[in-house]
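As you go down the protein sequences, you meet chains Z and S in turn. Residue numbers for the first sequence follow my numbering, so the first one is 2 and each next one is one higher. Residue numbers for the second sequence follow my numbering, so the first one is 96 and each next one is one higher.
Please keep in mind that the hints were generated in silico from the structure rather than gathered at the bench. Don't take each hint at face value.
What the hints assert, rightly or not - Listed next, the stretches of chain Z that the computed footprint assigns to chain S, with coverage defined by at least 3 CB atoms under 8 Å from CB atoms of chain S: (1) 52-59; (2) 433-442.
To be verified - Quick partial rundown of chain Z residues pointing at chain S, CB under 10 Å, derived from the structure: (3) Gly184; (4) Asp343; (5) Gly405; (6) Glu406; (7) Lys407.
Each residue gets a CB set at the ideal place from its N, CA and C atoms; glycine is no exception.
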Amino acid sequence: MSASYDFVVIGSGPGGYVAAIKAAQGGKKAAIIEKADLGGVCLNWGCIPTKALLKSAEVFQHLQHAEDYGIKPGSKPSVDYGKVIERSRQVAKQNSQGVQFLMKKHKIEVISGTAKLVSRTGIEVTAADGAKQTIKANNILIATGASARQFPQYPIDGKNLVTYRHLLDLRDQPAKMLVIGAGAIGVEFAYFLNSLGSEVHLVEMLPQILPVEDEEIAKQLAASFKKQGIHCYTSTQVQEVKVIQDGKVSAKLLDADKKEINLEVNRVLVAVGMVPNTKDIGLDAAGVKTDERGFITVDGHQRTSSPGIYAIGDCSGKQLLAHKASAEAEVAVSDMLGHAMDAIDYGQVPGCTYCQPQVASVGLTEKACKEKKLAYKVGRFPFSASGKARAIGHTEGMVKLIIGEKYGELLGAHILGAEATEMLAELGLALKLEATWEEIAQTIHAHPTLSEAVMEAAWDTHGLSPHL
Amino acid sequence: MPTTILMPSLSPTMEEGVIAKWLAKEGDLIKQGTLLCSVETDKTTVDYESLDEGYLRQILLPAGSAAKVNQLIAVLSEEKNEDIAEFLTKAKEKNAKQMEGKGGAKPAAASAPATPPPIPSAAPAASAPAIANPAPAYAAAATAAPTNGGRVFASPLAKKMATDKGIAIENLAGSGPSGRVIRRDIENYVPAAAKAAAPSAGKEPQVVQRPLFGSLAPIAPTADIPQSMMRKTIGKRLLESTQNIPVFYVTMKVEVDALNTLRNQLNRASGYKISVNDIVIKATAFALRQFPQVNSGYYGDFVRQNANIDISVAVSVDGGLITPIVKSPDLKGLGLISQEVKSLVGKAKAGKLAPEEYQGGTFTISNMGMYGVDEFTSIINPPQSAILAVAGIQDELYKEGDAILSRQVMKITLSADHRVIDGAMAAHFVSGLKSLLENPVWLML
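Work out the full structure, taking the sequences as your base and the hints as a guide.
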């Protein structure tokens, strides 16, 4: 007799495990199937371990600049790269154990193995040792995530040509690194490796690094990267990548002026997008449809084309972000429990990049406002005018707010700066609550904080910032 | 060398314009013919094409603001990064002086009526829900925006939008958390009357949505409504007309059975939708050919009797009215007249009329037949010396011998400027027009 559950989640990332807990809280008998470690990419190979690496980079940078603050470090700081990676792995492990604890606490069955849908309510799970079992579920939630996209011209070997995932576990520091793709992953690794002393070449096909971010912000970040010593190439194509021998890769780039650039590096990170993990999971057998790129199509309640089956997170497309997956988990489980929530407003999903200076944004970019033909106004406040920023020695960047011309409602917020990602939250709330510039400007912000720049930028939408 | 951009004069009567929107932005390279901004004039909204070239360096008049004709609104420069600071200071000074010299920059305050008392802050808006709420008749199934000691649960954006659109937000059912009124509630708001007309899809059949009449209707709050350029112009010109013109009125009753028969025949045969008004335009043009004195303009020292017959047709548009012109309808067939009127009305409603399409008419027709008006008079549009008011068609019983018969009649009233047209002339004209309308076969000639 096969095991039977009210609700079975496939994939234990920040979408899947949150969904399982919500269902359990709603009184459902829930199980979660995971083929690797609990927590998915986010906890094990993404958000969390990379933040651990970036913290190492920041600590090193702090020590290098300690004398600017009147502190003399005993000896010249140096990097133990293997230990940096080891710390990151430890952090991941602890987090994964945290999820294990949560599953236990909420009495959620954890089933180890690879899941495959065999019907609308049946899942076959193959354990690591090859043992198979079939389980039944009234409702199924697919949260299988996504993986790095691979191209035949960049044959990944895990050593010379790598994805973010390999890089997180390789213990030797490359002296010279080529990063293909300047999305969040490429930009964060470029910053990390450069900070620890590697020579980094960052290549982007589109005209700006961080192509989804506001053009003005991306330009300022590129300028900062250049100052830090990162070689940025935008509107540049990678013509050829050839492994000459282990630890030696040649690359041919074609820049915006059609000029050829030849590089020889020790390692290449391929960070050119993600593809959904929706192949070989039995979608056809369950009647679950995908779009032409393989992302599962869902409605505003995260329902798939197959009744009773939901999909959330990276495998259902739109922004491939952990917090978007968790938010969708709430929507899907609420629907399953019979008290439907509002659909996610994908225009209100924040995006963060954790290099230094950090980039954080929510809502529309200026370009998007123009494309939508919205009448808008912009307010800016540079951190160079902030007392707190000066005190802590991080005067790079700015807060940029875009508001509607007629009603003054917040349309988009873009921050570049030291604590940009932490500062963004109030603007997400402002967007959600449909705040106008006046509520933001008239909210009393504590002094001295970096967040004051948000208030100042709101005043600046009407040329009223007292500190500009 | 930088150059200045001044508020253009886009119509002969334009004294002031409002920048509806900047179409170019600072830093843009402007060529001859580049659209700089759209300007709301006293008549319409016109896109302003640049006659100069250069980089748009600074916009001095933001969208939504008004400026007198020839007032400085922006600065161009030849080079993209040329220093314009000094030029700008001088240009501003010079322009300010020039405007003063012309008495243009002076605000209209002098001629405006005394400042009205401010609206008392305890406006009836606050008491409106108190009056409206107890009425169970319109209590919708959905919870009205919850109020908590006078506080309305609504997002700041929703509040601003509601004020802008004149929606009583406290009566709205919010779809946000805990019934909070949010943007989409305002965007999806359908006035109660319209809602009642639509079939209810709700699950609770007990709840009957009734239109809000009488004391149940929401109280519109006291508000000072800013006057648009168009409204100001309408006010000014109509006042001028009523104060300065010795006007008199001549009304006649026209029997329209023959006209209707002809119209039905024409429409059935041609597939056109020729209206009574199209026929009135044509007949009026013929009457004006017969009595050219009525097709005149009064200019003080002389009266200009016009050779061409260009009939202005009053069209009600959002925020006012405008009179696009059907040119020489005396030379055109009904089909063409009908097409032209439709096109002009469409353009007028969209605010897209070109100046030559509404300037320079020689006679005006105002038709309120569609509103079921029995009879009315219109105000002459100077320098024209007459205007025709066309009322609705009604059934009428009349006696012929001993028989009581029925016919359809329509009243037409000419307002005439007695300085140009004497009583007998006006009577001849109206009687001639009546005869044309009652014997529409004449229109074939």
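The hints, checked one at a time:
{"no.": "1", "hint": "52-59", "in the structure": "violated (count 0)"}
{"no.": "2", "hint": "433-442", "in the structure": "holds (count 6)"}
{"no.": "3", "hint": "Gly184", "in the structure": "violated (29 Å)"}
{"no.": "4", "hint": "Asp343", "in the structure": "holds (8 Å)"}
{"no.": "5", "hint": "Gly405", "in the structure": "holds (8 Å)"}
{"no.": "6", "hint": "Glu406", "in the structure": "holds (7 Å)"}
{"no.": "7", "hint": "Lys407", "in the structure": "holds (8 Å)"}
Going down the numbered hints, you'll see the structure goes against 1, 3, while the others check out.
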